[in-house]
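Listed here are the chains, written in short residue letters.
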Amino acid sequence: MATVDMPRLILLLVLILPWLMLSLTAVTRCTPWLRHCLVVAPDVGLVLALLPGAGQLEFSGLLLGSHFGVDDLNRLFLLVTALAWLAASVLAASYLGTAARPRRFLTCFLLAMGGNFALVLSQDAVSFFTGFAVMSLAAYGLVNDRGDSASSYAGRVYIVLAITGEVLLFAALIGLVHEAGQIRFPLDFDAAPPDWAIACAVLGFGVKAGMLPLHMSIPLSYGAAPLAAGVALAGAMLNAGLLGWLRWLPLGSVEASTWGLLFAGAGLLGAAWGVVQGVRQSSPTALLGYSSISQVGLMMLFIGAGFIAPDQWSLFLPLLGYFVLHHACAKTALFCASSGHLPAVGPRWVWWAVFSLPGLALIGVPLSTGYLAKAGLSQVVTSPGVGLASLAPWLMLATAGTALLMARWFYLVVRARPPAAPLAPAPWVALALAVLVAVGPLLATLLGVPVPGVQGGLSTAG
Amino acid sequence: MTWSAALPLLILASSLVTGLVIFFLKEQSVLLRTVLNLSGAGVKLILVGILMWGVYQGQTFEARLPLLPNIELVLHADALSLLFVSLSTVLWFVTTVYAIGYLEHSPHRSRFFGFFSLCVTATVGIALAGNLITFLIFYELLTLATYPLLMHRGTADSRRAGRIYLTYTLAGGALLLVGVVWLKALAGPLDFTATGILAGRTDLNPDTLRWIFLLLIAGFGVKAALVPLHGWLPISMAAPAPVSALLHAVAVVKAGAFGITRVVYDVFGVEFAASLGVLMPLTIAASITIVYGSVRALSQDKLKPRLAYSTISQVSYIILGTTIVGPVATIGGIVHLVHQGLMKITLFFCAGNLAETLGIHRVSEMNGVGRRLPKTMAAFTVAALGMIGVPPVAGFISKWYLGAGALDANMPWILVILAVSSALNAAYFLPILYRAWFMPATGAWQERLERGRFETHWMLLMPPLVTAALALLYGLFANMDGSPLAWARLIAEREYLR
Numbered sequence: 001m002a003t004v005d006m007p008r009l010i011l012l013l014v015l016i017l018p019w020l021m022l023s024l025t026a027v028t029r030c031t032p033w034l035r036h037c038l039v040v041a042p043d044v045g046l047v048l049a050l051l052p053g054a055g056q057l058e059f060s061g062l063l064l065g066s067h068f069g070v071d072d073l074n075r076l077f078l079l080v081t082a083l084a085w086l087a088a089s090v091l092a093a094s095y096l097g098t099a100a101r102p103r104r105f106l107t108c109f110l111l112a113m114g115g116n117f118a119l120v121l122s123q124d125a126v127s128f129f130t131g132f133a134v135m136s137l138a139a140y141g142l143v144n145d146r147g148d149s150a151s152s153y154a155g156r157v158y159i160v161l162a163i164t165g166e167v168l169l170f171a172a173l174i175g176l177v178h179e180a181g182q183i184r185f186p187l188d189f190d191a192a193p194p195d196w197a198i199a200c201a202v203l204g205f206g207v208k209a210g211m212l213p214l215h216m217s218i219p220l221s222y223g224a225a226p227l228a229a230g231v232a233l234a235g236a237m238l239n240a241g242l243l244g245w246l247r248w249l250p251l252g253s254v255e256a257s258t259w260g261l262l263f264a265g266a267g268l269l270g271a272a273w274g275v276v277q278g279v280r281q282s283s284p285t286a287l288l289g290y291s292s293i294s295q296v297g298l299m300m301l302f303i304g305a306g307f308i309a310p311d312q313w314s315l316f317l318p319l320l321g322y323f324v325l326h327h328a329c330a331k332t333a334l335f336c337a338s339s340g341h342l343p344a345v346g347p348r349w350v351w352w353a354v355f356s357l358p359g360l361a362l363i364g365v366p367l368s369t370g371y372l373a374k375a376g377l378s379q380v381v382t383s384p385g386v387g388l389a390s391l392a393p394w395l396m397l398a399t400a401g402t403a404l405l406m407a408r409w410f411y412l413v414v415r416a417r418p419p420a421a422p423l424a425p426a427p428w429v430a431l432a433l434a435v436l437v438a439v440g441p442l443l444a445t446l447l448g449v450p451v452p453g454v455q456g457g458l459s460t461a462g
Numbered sequence: 463m464t465w466s467a468a469l470p471l472l473i474l475a476s477s478l479v480t481g482l483v484i485f486f487l488k489e490q491s492v493l494l495r496t497v498l499n500l501s502g503a504g505v506k507l508i509l510v511g512i513l514m515w516g517v518y519q520g521q522t523f524e525a526r527l528p529l530l531p532n533i534e535l536v537l538h539a540d541a542l543s544l545l546f547v548s549l550s551t552v553l554w555f556v557t558t559v560y561a562i563g564y565l566e567h568s569p570h571r572s573r574f575f576g577f578f579s580l581c582v583t584a585t586v587g588i589a590l591a592g593n594l595i596t597f598l599i600f601y602e603l604l605t606l607a608t609y610p611l612l613m614h615r616g617t618a619d620s621r622r623a624g625r626i627y628l629t630y631t632l633a634g635g636a637l638l639l640v641g642v643v644w645l646k647a648l649a650g651p652l653d654f655t656a657t658g659i660l661a662g663r664t665d666l667n668p669d670t671l672r673w674i675f676l677l678l679i680a681g682f683g684v685k686a687a688l689v690p691l692h693g694w695l696p697i698s699m700a701a702p703a704p705v706s707a708l709l710h711a712v713a714v715v716k717a718g719a720f721g722i723t724r725v726v727y728d729v730f731g732v733e734f735a736a737s738l739g740v741l742m743p744l745t746i747a748a749s750i751t752i753v754y755g756s757v758r759a760l761s762q763d764k765l766k767p768r769l770a771y772s773t774i775s776q777v778s779y780i781i782l783g784t785t786i787v788g789p790v791a792t793i794g795g796i797v798h799l800v801h802q803g804l805m806k807i808t809l810f811f812c813a814g815n816l817a818e819t820l821g822i823h824r825v826s827e828m829n830g831v832g833r834r835l836p837k838t839m840a841a842f843t844v845a846a847l848g849m850i851g852v853p854p855v856a857g858f859i860s861k862w863y864l865g866a867g868a869l870d871a872n873m874p875w876i877l878v879i880l881a882v883s884s885a886l887n888a889a890y891f892l893p894i895l896y897r898a899w900f901m902p903a904t905g906a907w908q909e910r911l912e913r914g915r916f917e918t919h920w921m922l923l924m925p926p927l928v929t930a931a932l933a934l935l936y937g938l939f940a941n942m943d944g945s946p947l948a949w950a951r952l953i954a955e956r957e958y959l960r
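Protein sequences appear in the order of chains F and B. Counting from 1, one number per residue, gives the positions in the first sequence under this note's numbering. Counting from 463, one number per residue, gives the positions in the second sequence under this note's numbering.
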């Protein structure tokens with residue numbers, strides 16, 4: 001750190017704020033003041049994501065030599081991560097007032113947040129793995145916060161899968177770095193890394209991203225975790241798995257059709273399975289878990305295509321980025337709306353109409369972000385050289401499936417009719433996010449304002 | 463006598479003299495004993511600091527005392543011995559504080575602290591030993607000094623533990639003696655040499671050397687608890703907590719592992735040993751020990767035996783790193799010497815706190831204990847996660863180098879061993895954390911200490927907090943100058959790659 005300029009200072013703040021808060025938690029009581037400070041770190045994260053250009057930070061003594069910074073790939077992940085943690089922090093500040101073990105929840109929450117920001121901003125594989133491990137393990141405390149039999153079961157499934165994932169990722173890390181000869185991103189592979197290392201990375205991150213058949217913990221933990229934690233799990237931590245795939249796998253450098261087809265196959269299977277299982281759920285948040293599995297299945301098609309046609313990867317990546325942004329915003333909004341609470345002003349139907357917006361976006365109705373995201377997806381699968389054009393009809397089916405899921409979600413939430421909670425922040429967060437999803441990115445694109453990291457992709461998609 | 467010869471002797475004397483004086487103190491002279499203990503440990507800490515500084519500057523420190531015709535007692539400070547000396551000195555200091563708090567109201571404290579100091583003298587002697595004979599002498603002294611510590615409580619259990627310990631270690635010592643004498647007769651002086659005394663000796667019969675290797679490894683393998691020579695370790699859990707802590711972290715098991723490191727690197731030379739074909743069997747034995755220890759740990763409900771089986775498993779990481787040819791794995795093995803010490807001593811301190819504060823001895827009694835002893839359990843959590851290999855705790859750094867070294871040596875199957883071991887470590891440590899932090903308190907704990915300002919006696923609380931913090935910092939800032947990793951790299955560079 002020779003000179004401290006603004007972007008680097010902000011970068012540093014995003015990295016250390018959660019840990020500063022954590023040390024405060026260790027020495028003070030969980031006061032309302034501390035609770036309301038939770039939103040600061042995600043706020044700074046948002047600023048960093050929207051700030052043009054950003055410095056890099058190098059800590060040569062940290063771990064095995066750590067690098068952090070914002071680049072084209074993680075800018076967008078930073079944006080969705082910060083948005084989701086912001087929503088989660090607002091909800092957490094309110095939840096902590098009533099939680100049975102507030103200090104434990106707060107500790108796990110901050111550890112997961114700190115790990116999540118560190119992994120998103122990391123520019124080397126060891127820091128990424130470290131952030132990922134801290135986040136994954138700390139999230140156990142969020143999943144099993146209530147401690148009833150359902151959450152402890154969800155927690156058990158979660159931790160078994162998380163540890164399995166960590167162990168696989170450790171092996172993948174060693175194998176991939178050995179082949180690349182460096183820990184710095186991007187991992188440059190001259191030759192294809194060994195298949196066992198790729199397999200370990202695919203499965204290890206698959207646990208977090210909800211890839212079939214390692215998806216079991218997703219709906220369970222979404223259903224069991226308090227709303228504040230669920231928002232972070234669904235909107236932020238799930239994407240860490242995706243980012244892991246993008247950072248670690250030899251995409252765009254090595255052609256591996258077998259891995260491409262496997263990815264695409266597992267993706268399609270997940271897309272279908274998420275719908276089939278999702279409509280049978282009676283908890284709206286568990287349903288959203290299956291919806292995530294289904295949507296991640298669609299996102300895996302991008303990666304599959306990238307394995308098959310590495311020369312076109314630079315074209316696919318921004319389109320995938322847009323899909324991630326769209327999905328994370330919509331999912332975070334849906335999660336917040338899942339409490340079923342409505343703002344205590346105005347006619348109810350207006351609110352329900354607003355809250356249905358993210359669902360409609362997820363289905364991909366025209367003029368929504370989902371429409372553009374899915375247009376990008378069909379462009380990828382039908383692009384020459386990928387050879388997945390036969391999948392196009394299945395994508396239509398997936399859209400129909402998503403519609404079914406969202407209808408079911410809407411029914412469950414409306415039917416729940418929870419007791420009025422006039423000060424609950426959830427509906428307001430949901431409202432803000434719903435509006436953002438509905439108009440934000442789309443409006444930005446229509447007005448020609450560059451959406452961080454996706455402008456290249458959108459011009460091709462639109 | 464020059465300063466460079468005096469310093470190693472002074473370092474030995476700082477604990478030896480303390481120990482001998484303490485034997486003659488009256489049981490009631492608590493203050494004098496405490497002052498002696500702490501000042502002995504403090505003086506040693508300072509002397510070792512000076513020694514490190516000197517070696518870092520490129521000075522050599524060596525003391526040679528004639529012992530028998532043709533046989534010298536050699537104390538020599540190289541980078542590897544420094545790592546072990548500083549580890550034992552720092553942990554001795556911390557453990558002394560802990561032991562003073564732990565034994566506050568128990569009998570025979572002069573006897574205890576006397577042998578405790580002798581035990582440290584022997585460990586430091588092992589670390590500084592410059593030839594195999596010196597190593598052997600201190601190694602046997604260690605056996606004798608730890609025996610009374612194991613039996614300190616004088617119960618039937620602890621007497622049995624002492625008996626079994628003595629049987630195992632004396633048998634191991636005998637094998638070692640035969641090996642050393644045989645080698646001495648064949649090869650002449652046995653001063654440790656960076657690339658191995660025997661490397662390049664074409665005049666010696668390879669089969670004879672293989673037998674000698676087997677004898678030496680079997681001798682050291684007893685203390686290093688290499689399966690099937692590990693039987694004494696779980697039984698020795700009858701010892702008081704500070705003894706277990708020191709036994710598992712620096713003194714006994716580490717002396718065994720350190721001995722194996724010396725034999726492979728400085729007596730045979732790693733490449734020569736590989737060419738004899740003796741390393742692969744040792745790699746396999748270490749791998750079996752790693753998995754076996756973890757599997758046995760799973761089924762232990764008593765906390766200390768669970769930790770003991772964990773030690774069996776973790777110490778073999780050091781042996782594993784030693785036997786894989788290549789600098790990266792060497793770094794992994796050597797750095798684990800320090801990392802395992804810090805993490806394991808933390809776990810034993812915490813186990814002692816649970817027993818002393820609340821009378822908890824079993825995992826099944828730990829439900830909800832995180833609320834009663836949050837700081838103790840936080841330290842325990844950090845150390846346990848480190849054992850599993852979760853970054854950024856130090857254990858991850860060891861595993862990283864072991865794994866990368868295994869790939870360098872084209873032995874990818876080692877990764878499977880590491881992965882299985884991590885998973886098993888998680889399987890026996892995470893349920894403990896779950897009980898402590900996520901289950902409601904159910905047990906009827908006996909509050910054994912008066913509640914003061916802290917959750918337990920401050921002398922019991924501070925040591926695990928310090929060692930846990932070190933385990934965390936040494937992982938988090940592994941790449942920093944002066945970290946154990948930096949030392950391990952220096953050792954690999956200076957000692958083995960010339």
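Rather than coming from a laboratory, the hints here were simulated on the basis of the structure. Hints are supplied without guarantee of correctness; some may be wrong.
As the list claims (entries may be wrong) - Derived coverage of chain F by chain B (criterion: at least 3 residues anywhere in the stretch with Cβ under 8 Å from a Cβ of chain B; other residues may be distant):
| id | region |
| --- | --- |
| 1 | 57-65 |
| 2 | 122-134 |
| 3 | 139-152 |
| 4 | 156-168 |
| 5 | 174-183 |
Stated by the list, open to error - Over the 12 Å line for every Cβ pair with chain F, so calculated as not near, a few chain B residues:
| id | residue |
| --- | --- |
| 6 | E534 |
| 7 | R625 |
| 8 | D943 |
Unchecked claim - Pairwise CB distance ranges, derived in the manner of DEER restraints:
| id | chain 1 | residue 1 | chain 2 | residue 2 | range |
| --- | --- | --- | --- | --- | --- |
| 9 | B | I750 | F | A400 | 47 to 57 Å |
| 10 | B | R956 | F | A26 | 36 to 46 Å |
| 11 | F | S314 | B | S761 | 33 to 43 Å |
| 12 | F | A192 | B | E955 | 51 to 61 Å |
| 13 | F | R156 | B | M942 | 31 to 41 Å |
| 14 | B | M942 | F | D43 | 25 to 35 Å |
| 15 | B | A948 | F | R156 | 55 to 65 Å |
| 16 | F | W394 | B | G944 | 29 to 39 Å |
| 17 | F | A26 | B | V757 | 34 to 44 Å |
| 18 | B | L738 | F | S314 | 49 to 59 Å |
Glycine included, every Cβ here is placed at the ideal spot set by N, Cα and C.
>> Hint compliance check: list the failing hint numbers for this structure, sorted ascending.
In response: Result: hints 8, 11, 12, 15 and 16 break, sorted rising.
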